[in-house]
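**Q** Residue numbers (the numbering used here), protein chains in the order written: chain Z, 694 to 799; chain U, 405 to 715.
Because the hints were derived from the structure by calculation, they are not lab data.
Hints are supplied without guarantee of correctness; some may be wrong.
[What the hints assert, rightly or not] With a straight-line Cα cutoff of 25 Å, these simulated DSS-like cross-link-like pairs (lysine-lysine) come out:
1) Lys542(U) / Lys714(Z)
2) Lys767(Z) / Lys564(U)
3) Lys410(U) / Lys767(Z)
4) Lys414(U) / Lys767(Z)
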Amino acid sequence: MSEEEHSTNDQWPLWEVFTQKKRGAPHQHAGSVHAPDPEMALQNARDVYARRSEAVNIWVVPSSEITASNPSDKESFFDPADDKIYRHPQFYEVPRAAKKRTSSGS
Amino acid sequence: MKEQDKFQEKIEQDEKIEPKDWMPDRYRNQLIRMMSQHAHSEIVGMLPEGNWITRAPSLRRKMGLLAKVQDEAGHGMYIYSNTETLGISRQEMIDQLLKGEAKYSNIFNYPTLSWADIGMIGWLVDGAAMVNQTMLVKTSYGPYSRAMIRICKEENFHRKQGHEIVATLANGIPEQQEMVQDALNRWWWPTLMMFGPPDSNSPHTNELMQWKVKRKSNDELRQDFIDRVIPEAHQMGLKIPDPDLIFNEETGHWEIGEIDWDEFWQVIKGNGPMNHERLETRRKAHESGRWVREAAEAYAHKQKLQQQKAS
Ligand SMILES: [Fe+2]
Ligand SMILES: [Fe+2]
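Make the full structure from the sequences, and use the hints.
**A** Encoded structure:
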């Protein structure tokens, strides 16, 4: 990088931050940070999104590497799931007695 | 269905608008305006308090204040990054602030003259900000709402540490009581102005409420704050500096005297006691941080080269 490029003071790349609340929990999107490299992205993410033990683990991912589905395609993209009620337990009927036995103790 | 109708339908059904959704240009621009002003307020808001960190009266107070000011930096960062989802870069917003083109909350253009002012900022200013931010949790733009949820969790500590400072002084020796009353006298009216001009003269309110960006008007929010904070003041033995203040038994609300809106417009125009000083301090901080940013960039660059060589 030349001297000139240094002084332009351009914005650092954007990173998406995912935090894990406790061990065993899934990582969840917390927000984003700017940083010149992955190491600093992690440190910034810790300072910005985990000042009160909100995380035991953090992922940072360059925002430019994320591919998202398009909200305007929402219907066509997700509708294969909408008409498959047989993927849910409510679709099925079982004899009453059997039902009672499996839910005993509740 | 046309995009405009789909957008309207989402708003009506209280569905959140997300970054990649179609939205009217005006909705986008109003949010950029509002959110960037909010972010700037968090950043500039660090200055009046920051200048008391080294003079805090005890280690306990110093730790609390330091943590609070650090939180405000965090708030600025959350809101800047969530504003970026609307298509403006953080650098652009920061440039607007440093060039003096952007607005931020008027309240930070008042000076912090005594330690009691730090209590007032936490108790009153953060208290007022909380009323506003609690309303904004329900805002229609998803990323703004998410930033507000995170912020509201932290504001409670800000308000409480301020309230504790005020209560301690109000319970202290006569000089301390005088100091805290003087601070209240100076901060009371500017705090009430934080909610913005009255509904009768608020150019943006209608539109923002139609889009559910705001869920309550300036006057409604101001009233919520007044009704909550006046009993607290009385309980601490403080006197609200408003000769016209009365409690309306019928409505159950406190009614305040006339707010000096000329002062409000003067401060917005840049003629407040500290406008110039605050921007100068920000600019200086930005400049003195330049070498740190450059060093971090050089380091990142070197690491990358080394990695390329190794692979
Ligand atoms: Fe804040
Ligand atoms: Fe705060």
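**Q** Look at each hint and say if it fits the structure.
**A** For each hint, the structure was consulted:
1. Lys542(U) / Lys714(Z): Roughly 24 Å separates the two Cα atoms, so the pair holds.
2. Lys767(Z) / Lys564(U): Violated, at about 44 Å.
3. Lys410(U) / Lys767(Z): holds (13 Å)
4. Lys414(U) / Lys767(Z): Holds: Lys414(U) and Lys767(Z) sit about 14 Å apart, inside 25 Å.
Hint 2 alone, counting from the list given before, is not met by this structure.
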